Each structure stands twice: as C-alpha cells, then as structure tokens.
Amino acid sequence: MSSSISSLIKHPLVFRGRDHRHSADDSELRLPFGQANLDKACAGGVPASGVLSIRALAGQGELQLLNNVLLQKAGTQKRIIWLPIRLHLNPNWMCQTPYPQQSWVVNTTNEADALWACEQAIRSQACCSVVIYLAQVEPKAARRLQVLARQYDCLVVLVHPGYRSPGALPVNIDMELSFSARQWFVHLHRVTGAWPQQHIAIDHPLPASNSAIVNAFRQYSNSAATAIHEVS
Amino acid sequence: MHWLYLHFPRLQLDLFEQLHPEQTGPKVVIDGSDNTVCQLSAAALTAGIKPGMGLAEVTAIHAQTCIIEYSANNENSQLEQLATILYTIASDIVCVASNGIAINLSPLALYYQGLNNFMALCKRTLTARHVHFYFGSGATIEIARVLACSHVNRVEDEPSLALNYLKNCSLQATELPTKETEQLNRIGIRTLGQLIALPLDEIGKRFNNQIITYLLALKGVKQPPYSLFHPRKLFSQYLELPYAVESAPRLSRFIAVVLANNCAYLQKRNLATDTLQFELQQREHDNLMFKVNAGTPHHHLSEWQMLIDLKLEQLKLDSPVTSLTLTCDQLVEFDPENLSLLQSSYSRHAENMLLGKLLARLGSDSVKTVEQVNEHRQDYVVQQACTLHKAPACSEANGLQPAWLMVQPQPLTEQTQIVYGPERVHTGWWDDHPVKRDYFVALTGNGLRLWVYRDDQQHWYVHGYFG
Chain A
396 MSSSISSLIK HPLVFRGRDH RHSADDSELR LPFGQANLDK ACAGGVPASG VLSIRALAGQ
456 GELQLLNNVL LQKAGTQKRI IWLPIRLHLN PNWMCQTPYP QQSWVVNTTN EADALWACEQ
516 AIRSQACCSV VIYLAQVEPK AARRLQVLAR QYDCLVVLVH PGYRSPGALP VNIDMELSFS
576 ARQWFVHLHR VTGAWPQQHI AIDHPLPASN SAIVNAFRQY SNSAATAIHE VS
Chain B
6 MHWLYLHFPR LQLDLFEQLH PEQTGPKVVI DGSDNTVCQL SAAALTAGIK PGMGLAEVTA
66 IHAQTCIIEY SANNENSQLE QLATILYTIA SDIVCVASNG IAINLSPLAL YYQGLNNFMA
126 LCKRTLTARH VHFYFGSGAT IEIARVLACS HVNRVEDEPS LALNYLKNCS LQATELPTKE
186 TEQLNRIGIR TLGQLIALPL DEIGKRFNNQ IITYLLALKG VKQPPYSLFH PRKLFSQYLE
246 LPYAVESAPR LSRFIAVVLA NNCAYLQKRN LATDTLQFEL QQREHDNLMF KVNAGTPHHH
306 LSEWQMLIDL KLEQLKLDSP VTSLTLTCDQ LVEFDPENLS LLQSSYSRHA ENMLLGKLLA
366 RLGSDSVKTV EQVNEHRQDY VVQQACTLHK APACSEANGL QPAWLMVQPQ PLTEQTQIVY
426 GPERVHTGWW DDHPVKRDYF VALTGNGLRL WVYRDDQQHW YVHGYFG
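Line by line, the protein sequences give chains A and B. Each residue of the first sequence is one higher than the last, beginning at 396 in the working numbering. Each residue of the second sequence is one higher than the last, beginning at 6 in the working numbering.
Simulated from the structure, these hints should not be mistaken for lab results. All figures in this text were calculated on a predicted structure; none of them were measured in a lab. Built from N, CA and C at the ideal position, the CB exists for glycine as well. Some hints here could point you the wrong way.
Below, computed lysine to any residue pairings styled on SDA-like, alpha-carbon distance capped at 25 Å [as the list claims (entries may be wrong)]:
| hint | chain 1 | residue 1 | chain 2 | residue 2 |
| --- | --- | --- | --- | --- |
| 1 | B | Lys172 | B | Gly209 |
| 2 | B | Lys210 | B | Thr183 |
| 3 | B | Lys128 | B | Arg159 |
| 4 | B | Lys296 | A | Asp508 |
| 5 | A | Lys473 | B | Ala355 |
| 6 | B | Lys321 | A | Asp508 |
| 7 | A | Lys473 | B | Arg366 |
| 8 | B | Lys172 | B | Ile194 |
| 9 | B | Lys441 | A | Asp508 |
Chain A residues, not near chain B, derived (Cβ > 10 Å throughout) [to be verified]:
| hint | residue |
| --- | --- |
| 10 | Ser398 |
| 11 | Lys435 |
| 12 | Gly439 |
| 13 | Gln467 |
| 14 | Leu510 |
| 15 | Ala536 |
| 16 | Gln593 |
| 17 | Pro602 |
| 18 | Phe612 |
Just need the whole structure built from these sequences, with the hints factored in.
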C-alpha cells in the first residue's frame with residue numbers, strides 16, 4: 396500500500412506539500428524580478444538555484460523580465476549559457492547587456508542536443524545560469540533539470556510556449572506571460588514557497604515608444620501654444 | 006662499442022592480445038606474400054601450429070584459429086612507439102628492420118652504474134608495454150642481433166665475451182640470405198663458429214661484398230653505419246585494426262590504445278595539446294579526417310577519452326574503418342595553473358572542460374562568445390556574429406537592438422501597431438549591398454514586440470524580436 400502511494404506521489408504532476416514547506420525555508424536565496432507584485436507572489440523572487448519556466452514566445456519581452464535576475468546571478472562571474480534553438484541571438488543586443496563577456500551562445504540543431512548541452516553546463520559548475528529556448532518541455536526533462544540545477548547551484552531559465560505542457564511543471568517557478576488589453580500579466584502555475592496565482596499585473600514597458608512625441612502633439616494641438624507656429 | 010639488441014618476434018600479435026584480452030584461443034599472423042605463419046600465440050603452439058606453416062595447414066590443425074593479416078606499417082608504428090619510450094631511458098637507439106631495436110650500452114654502463122641496473126629498468130619498461138622480446142649484446146649490432154634471435158637473453162659486461170655464445174648460433178639466426186645459407190649448409194657449415202673460422206679471402210672468392218661486410222660485422226671488426234633514432238617533435242601513431250569496424254563508437258577501444266601513448270608522450274615532455282587529429286582509413290571510401298578540440302591544452306587521458314567518445318557518437322562512417330592514425334602536432338608547454346582542481350572558488354578548469362565537451366559533441370563552431378559587430382545592416386550581423394575564444398570588451402551601444410534576429414527578414418503578414426519609429430538606416434552605398442530602410446517597433450495582438458522595417462518599395466518586413 397505504502398509503495399503504491401509512494402509511486403503515486405512521485406508523479407511529476409502531483410503537488411507535494413512537503414517539498415513546498417521545505418522550499419519555503421527563509422534561508423533560501425531568492426533573486427527578485429524587480430516587479431513588486433510579482434516578487435510578492437513569488438515569496439521574494441526566483442530561487443537562486445533551480446529551474447524557472449517561462450511560458451512565453453520569443454519576443455514577448457521575456458528577457459526584459461529576466462534582466463534583474465540574470466544581473467544578480469552574473470555577479471558570481473561564472474558563465475551564462477544561451478541555448479537558442481533555431482533563433483539567432485543578436486550580438487549587438489548582447490553587448491548592451493551588463494554580462495556580454497560572461498556569455499556563451501551554444502548553437503544546437505535539435506532539442507535533444509540543447510537539453511544535453513544544458514545538462515552539461517549545469518554539471519560543469521562553470522555556469523551560474525543557463526537560458527534555454529524549447530518548443531516543448533516534458534515534465535520528466537524539467538524535473539531532471541530542476542534536480543541537477545539545485546544540486547549544482549545553477550539557475551536554469553526555460554522559455555517555451557507552454558502549449559504542450561498543460562499541467563504545472565515540477566520546477567521552482569512555472570509562470571506564464573500574457574498580454575491582454577494593453578496590460579501584461581503573469582500567471583503563476585507553480586511557485587515554491589507560495590501559492591499559485593493568476594493575473595498578476597506587471598509593469599513591462601516597451602523597448603521604445605513614440606509616446607513622448609504623441610503626447611506632445613496631443614498637448615500642443617489642443618492648446619493656445621500652437622500659436623507659436625502660426626505665421627502672422 | 007657495446008650494443009644491446011632487442012628482438013620483438015610478435016609485435017602485431019602482442020598488440021592484438023592487448024586489444025582483445027578476452028580471446029584466448031590460438032592466434033596466428035599470416036604473411037600475405039607467401040601465406041605462411043610468421044607470428045603465433047602460445048595457444049597456437051600448443052595446438053601444434055608452427056612458424057612457416059601454410060594457411061590451409063593451420064586451419065586443418067585447428068579450425069577455430071584466429072587469423073590476423075601481417076601489416077608492416079603496423080609493426081613499424083609500434084616499433085617507433087617502443088623506441089620513443091626507450092628513448093626516455095637510453096640515448097643512442099637504432100631501429101633495425103621492423104622488429105628490432107639496438108641500444109648503445111657504452112654510455113649507459115657508467116650512467117646507470119652497471120649494466121644490470123639498466124637492463125632491469127629496460128625489462129620493466131618493455132614488460133609494462135606487454136610485448137614479448139628477446140635480447141643479446143655484442144660489440145656490433147649484428148652480433149647482438151644474432152644472439153637475440155637465438156634467444157640467448159644475456160648481456161655480458163664485456164662485449165668480447167659474447168663471441169663465445171655466437172659460435173654456437175645456427176646460420177638461420179643470421180641475416181644471411183636463404184640462398185647463401187643453403188649453399189653453406191651443403192658444404193657442412195651449419196654454425197657461425199664454423200663460418201667465422203673460414204678465412205675471409207676464401208669466402209670473398211665465392212660470395213659478394215655484402216656477405217663479407219656482414220661477416221666483418223659478425224666478427225666485431227667493423228660496424229656498418231646506422232642512423233640513430235630521434236623521436237618526432239610531434240606525436241603520430243598509426244594503428245591497423247584487427248578487423249574492419251563499421252560503427253564509429255566501436256572505434257573507441259582502439260583509439261584508447263593510441264590515445265594512452267599520446268598522453269604518456271605529452272606527460273613525459275611536460276607538454277599539452279588542445280587538438281587531436283584523427284584520420285580513419287575507410288575500406289571503400291576516402292580517408293575520413295576529424296579533429297577533437299578541448300577547451301584548454303592538457304594531457305589527461307580520461308578527459309580526452311570522454312571528448313573523443315562524444316565525438317564518435319556523432320560521427321558517421323561511409324564504410325568500415327580498417328586503420329586509424331592519431332596525430333598531435335599542436336603542442337604547448339603544460340601550464341598547471343589552468344588546471345587547478347583544488348580551488349574552492351570558480352576555476353577555469355571547469356569552464357574549459359565544459360567547452361571541450363560542447364565542441365566535441367556539437368561541432369567546432371557551436372560555441373561562440375559575443376562580439377559587437379560594427380555594422381548597421383543587421384543582415385550582416387547574423388552572418389558575422391561571434392568568434393570562439395574571444396570576448397572583447399564591447400564598445401559603445403549601437404542604438405536600439407532587438408534580442409533576436411531573423412537570418413532572412415520575413416514579410417510582415419499580421420496586423421500590428423507601430424509603437425516606435427521610424428529610425429532610418431541608409432548605408433552600404435559604397436558596396437554592392439545598399440540598404441535604405443525605415444525601422445519601427447511594432448506590437449502584435451498577443452504582445453510580440455517586432456522589429457519591422459519598410460523598404461524603399463514600401464514593403465514591410467519583420468527583422469527581429471525584442472526579447
């Protein structure tokens with residue numbers, strides 16, 4: 396009887412309260428996102444080692460959200476490994492980040508190689524962080540990375556669309572980035588140390604906008620100040 | 006002069022037994038030129054097989070005998086390896102034929118304070134290589150060779166004493182051609198003692214100058230010239246496989262043999278390498294060449310073996326491999342500072358090991374560092390991006406940059422909202438790739454932040470994404 400219960404609770408889709416309680420230990424280092432609402436919902440931020448799963452498309456501003464977290468991990472001076480499958484990381488963008496010299500971009504042709512490279516990077520203990528983009532993630536693979544990342548003190552950021560992972564992944568944080576009515580939200584499917592939460596509004600500014608010009612035009616077109624352009 | 010001659014009667018068989026310790030049955034090496042046995046194992050001798058027997062006779066005596074084809078290249082390569090190893094304990098070495106090594110003992114007697122000391126070291130060195138050998142010594146290489154081939158296995162303190170043993174040796178142990186040996190046998194001369202006793206003038210009337218020169222050497226009068234062995238400045242070893250190997254991962258056990266020699270070579274010279282070159286001779290296709298790179302120069306066998314195994318997993322053979330060559334020519338002095346395993350903090354060692362693994366499995370251009378590309382045309386940025394092992398400090402920011410670039414810009418097909426722009430890029434008029442584009446940041450309904458541009462034809466394209 397006990398063995399059947401044991402095998403049941405080992406299932407990756409089963410949420411285990413014991414793990415939840417342990418990981419809520421205050422001694423665990425957490426890295427804040429820099430978003431007050433999100434950090435509060437995540438019990439202070441991302442655990443410094445383990446897997447952070449972000450369900451988002453490449454280009455939804457997922458790296459912008461990670462900026463503060465990666466910056467803190469980069470303080471260890473260890474490598475940051477980027478594993479963008481079928482995507483091309485812009486070197487000029489990378490040079491604008493604070494950690495270009497710590498970064499290695501590893502090009503792989505398939506997801507099996509990417510997962511292998513990720514695992515090797517974690518095991519090497521030469522990397523503080525691995526950012527990997529996958530089309531889909533199996534819970535088994537996520538659990539494996541989570542165990543390794545915890546063991547070797549590495550932060551793995553797993554970015555995937557999340558279409559094929561209906562349940563929460565067995566990782567530290569499984570979050571989804573969504574955009575609705577001009578507002579960005581984060582849905583937390585799973586957080587160690589806190590309860591899952593939906594619709595957490597975050598401040599996720601665009602990389603650049605014409606709002607200053609638009610506002611200026613709007614303001615001056617409705618005021619008497621436009622007279623300065625009039626020719627008498 | 007006092008020479009030691011080491012005779013290796015079964016080099017190829019020794020290597021085979023080293024590679025296949027599980028095969029305990031009779032094994033013979035067949036010389037393809039006359040189809041006769043030239044080397045045989047102890048089990049083959051017990052079964053009744055003798056040197057010189059034909060292939061049919063061998064299989065008739067023992068049907069399960071393992072047959073190996075003789076390869077002179079293989080033996081030469083092995084002999085060179087042995088000479089390289091012996092070079093660490095002796096200075097004047099001569100490689101003779103494909104199965105003998107002569108060592109000048111004169112300077113070694115003083116250096117090792119007695120020949121017995123040197124011989125003990127020499128035997129231990131060769132025993133560690135798992136090779137069978139016989140030895141003999143004499144005033145010339147020829148005397149020592151005859152004694153070694155006669156299995157005398159003695160080294161006298163004085164070279165002149167060797168002549169006593171030489172007299173009893175048969176003519177078959179000499180290098181005299183078969184025709185001349187038979188000629189001498191017919192007139193009743195069967196031992197070297199009888200031959201040496203004959204006056205040289207009389208022999209000179211019946212035999213050519215080469216025989217006279219050889220006899221002079223056997224008498225210890227004159228040593229023919231030999232060129233001394235000098236180890237190569239680089240490591241290279243050829244290995245003939247006992248059978249054709251069809252799958253790359255199965256080459257691992259054979260590569261392990263040459264790799265062990267390579268690492269020993271490097272360690273003894275305090276050298277390290279970060280590149281190993283392999284050449285695989287395929288039976289029905291051209292030779293397959295590949296390199297294995299490590300993150301840092303080192304000479305650790307287990308780490309090289311791991312990298313090679315990773316490489317072999319990815320390697321596809323066109324046809325079975327019959328032999329292989331390992332070459333290591335990019336040698337640097339070993340710097341132990343890079344390989345400190347005792348540092349508790351971050352160590353470059355771990356990083357280099359990771360780099361080596363990634364390069365071995367994913368290819369030599371798979372890992373790149375980040376380098377700013379001084380080019381406004383982002384199409385070129387993707388092509389020129391990144392070089393390995395080099396991460397220069399980045400200079401000034403290059404304007405608004407998306408994290409992800411598309412190799413080929415794609416037409417914009419979905420509805421978007423322009424949130425920023427335009428930024429005009431008008432450049433490249435000096436070469437054949439002029440660009441005149443207005444770049445914008447556009448937002449899609451699901452929040453994708455696109456980097457789009459409008460060309461001078463008023464067509465819209467997506468060029469990247471802001472991550």
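Going down the list of hints, with the structure as the test:
1. For the hint pairing B/Lys172 with B/Gly209, the CA-to-CA distance comes to about 20 Å; that is within 25 Å, so the pair holds.
2. At most 25 Å may separate the alpha-carbon atoms for a hinted pair to count; B/Lys210 and B/Thr183 meet this at roughly 19 Å.
3. With a CA separation close to 12 Å, the supplied pair B/Lys128 and B/Arg159 stays within the 25 Å bound.
4. A C-alpha spacing of about 20 Å is found between B/Lys296 and A/Asp508, which places the hinted pair at or below 25 Å, so the restraint holds.
5. Restraint check for A/Lys473 and B/Ala355: the C-alpha separation of about 10 Å stays at or below 25 Å, so the hint holds.
6. At most 25 Å may separate the alpha-carbon atoms for a hinted pair to count; B/Lys321 and A/Asp508 meet this at roughly 17 Å.
7. Between the alpha carbons of A/Lys473 and B/Arg366 the distance comes to roughly 22 Å, so the proposed pair stays at or under 25 Å and holds.
8. Distance hint between B/Lys172 and B/Ile194 is fulfilled; the C-alpha atoms sit about 12 Å from each other, no more than 25 Å.
9. Restraint check: the Cα-Cα separation between B/Lys441 and A/Asp508 comes to about 39 Å, which exceeds 25 Å; the hinted pair is violated.
10. Taking the minimum C-beta to C-beta distance to chain B, about 37 Å, the non-interface status of A/Ser398 holds against the 10 Å cut.
11. Listed as a non-interface residue, A/Lys435 keeps its Cβ farther than 10 Å from every Cβ of chain B; the least gap is roughly 23 Å.
12. Here A/Gly439 stays apart from chain B, with its beta-carbon at least about 25 Å from theirs, past the 10 Å limit.
13. With a cut of 10 Å on Cβ distances, A/Gln467 stays outside the contact zone with chain B, its closest approach being about 16 Å.
14. Even its closest Cβ contact with chain B, about 12 Å, leaves A/Leu510 beyond 10 Å, as expected for a residue assigned away from the interface.
15. The claim that A/Ala536 lies off the interface holds: its Cβ sits roughly 18 Å from the closest Cβ of chain B, which is beyond the 10 Å cut-off.
16. Distance check for A/Gln593 against chain B: the nearest CB is about 17 Å away, which clears 10 Å, and the non-interface claim stands.
17. Here A/Pro602 does not stay apart from chain B, with its beta-carbon only about 5 Å from theirs, under the 10 Å limit.
18. Here A/Phe612 stays apart from chain B, with its beta-carbon at least about 15 Å from theirs, past the 10 Å limit.
The structure is inconsistent with the numbered hints 9, 17, although it conforms to all the rest.
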